[in-house]
Amino acid sequence: QVQLQESGPGLVRPSETLSLTCTVSGGSTSSYYWSWIRQPPGKGLEWIGYVFNSGSTHYNPSLKSRVTISVDTSKNQVSLNLISVTVADTAVYYCARAPLSSGYDYWGQGTLVTVSS
Amino acid sequence: DIQMTQSPSSLSASVGDKVTITCRASLGISNYLAWYQQKPGKVPKLLISTASTLQSGVPSRFSGSGSGTDFSLTISSLQPEDVATYYCQNYNSAPWTFGQGTKVEIK
Numbered sequence: 326q327v328q329l330q331e332s333g334p335g336l337v338r339p340s341e342t343l344s345l346t347c348t349v350s351g352g353s354t355s356s357y358y359w360s361w362i363r364q365p366p367g368k369g370l371e372w373i374g375y376v377f378n379s380g381s382t383h384y385n386p387s388l389k390s391r392v393t394i395s396v397d398t399s400k401n402q403v404s405l406n407l408i409s410v411t412v413a414d415t416a417v418y419y420c421a422r423a424p425l426s427s428g429y430d431y432w433g434q435g436t437l438v439t440v441s442s
Numbered sequence: 006d007i008q009m010t011q012s013p014s015s016l017s018a019s020v021g022d023k024v025t026i027t028c029r030a031s032l033g034i035s036n037y038l039a040w041y042q043q044k045p046g047k048v049p050k051l052l053i054s055t056a057s058t059l060q061s062g063v064p065s066r067f068s069g070s071g072s073g074t075d076f077s078l079t080i081s082s083l084q085p086e087d088v089a090t091y092y093c094q095n096y097n098s099a100p101w102t103f104g105q106g107t108k109v110e111i112k
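First to last, the protein sequences are chains V and H.
According to the numbering used here, the first sequence is numbered sequentially starting from 326.
According to the numbering used here, the second sequence is numbered sequentially starting from 6.
Think of the hints as simulated: they come from the structure by calculation, not from any bench.
All C-beta atoms, glycine included, are put in the ideal place defined by N, C-alpha and C.
Where hints are given, some of them may not hold.
Said to hold, decoys possible - Derived CB-CB ranges, DEER-like:
#1 Ser-409(V) / Arg-66(H): 42 to 48 Å
#2 Lys-23(H) / Gly-333(V): 29 to 35 Å
#3 Ser-353(V) / Asn-97(H): 22 to 28 Å
#4 Asp-397(V) / Lys-44(H): 31 to 37 Å
#5 Ser-14(H) / Asp-397(V): 23 to 29 Å
Stated by the list, open to error - To spell it out: a stretch of chain H is covered by chain V in this simulated footprint if at least three of its residues, at any positions, have a beta carbon under 8 Å from a beta carbon of chain V; those stretches are:
#6 17 to 23
#7 34 to 47
#8 52 to 62
#9 65 to 76
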């Protein structure tokens, strides 16, 4: 059974960098799209971006200048870095997997990140 | 970028009613459309991929249809456990945008 587990700080100061890790168990990171998706409190889902096969990435244009998503196949981990955060980046952050030609079939449980001084 | 617009934004229906949610893409996305269900406080769950393919374990009262720009999710007989917010998502071309969500409640 594939499981995704997000980890990282729950509190980040404004202007600093938000860094999260998603550890994948029960399956490989190869040949899947690995994404980060966030959900501000009480709001809808916002797609942050994906990494595919360790090299190909695509990001939400609204976040592109601040975000990096990468995958470490040796550790079976997917990472998110978001620089220069503001209070608007406060959200539950989800890691999710999409097979080719499919929606996201596995999701992590989500981790709340609060941006506050 | 492709925009996904869902309607209605919320609805209230009785148990046993047929419920339909629509999703419109600003550009054609073939059938690269997914539907998710998110119950309060829970993780989104994939219901349907490729516009109409029901995921394993999803009740057969859920169905999806459409292609190109217009899609729909139908619940043939609404049950109390279907109370949730439903999202459509384009995965034809990045950015893989989500619709704004449709909140379904029981009348």
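Cross-check of the supplied hints:
1. Ser-409(V) / Arg-66(H): 42 to 48 Å: With a Cβ separation near 46 Å, Ser-409(V) and Arg-66(H) satisfy 42 to 48 Å, so the hint holds.
2. Lys-23(H) / Gly-333(V): 29 to 35 Å: violated (43 Å)
3. Ser-353(V) / Asn-97(H): 22 to 28 Å: With a Cβ separation near 25 Å, Ser-353(V) and Asn-97(H) satisfy 22 to 28 Å, so the hint holds.
4. Asp-397(V) / Lys-44(H): 31 to 37 Å: Given about 32 Å between the Cβ atoms, the range holds.
5. Ser-14(H) / Asp-397(V): 23 to 29 Å: violated (40 Å)
6. 17 to 23: Contact hint for the stretch 17 to 23 of chain H vs chain V: violated, 0 residues under 8 Å.
7. 34 to 47: holds (count 5)
8. 52 to 62: holds (count 4)
9. 65 to 76: violated (count 0)
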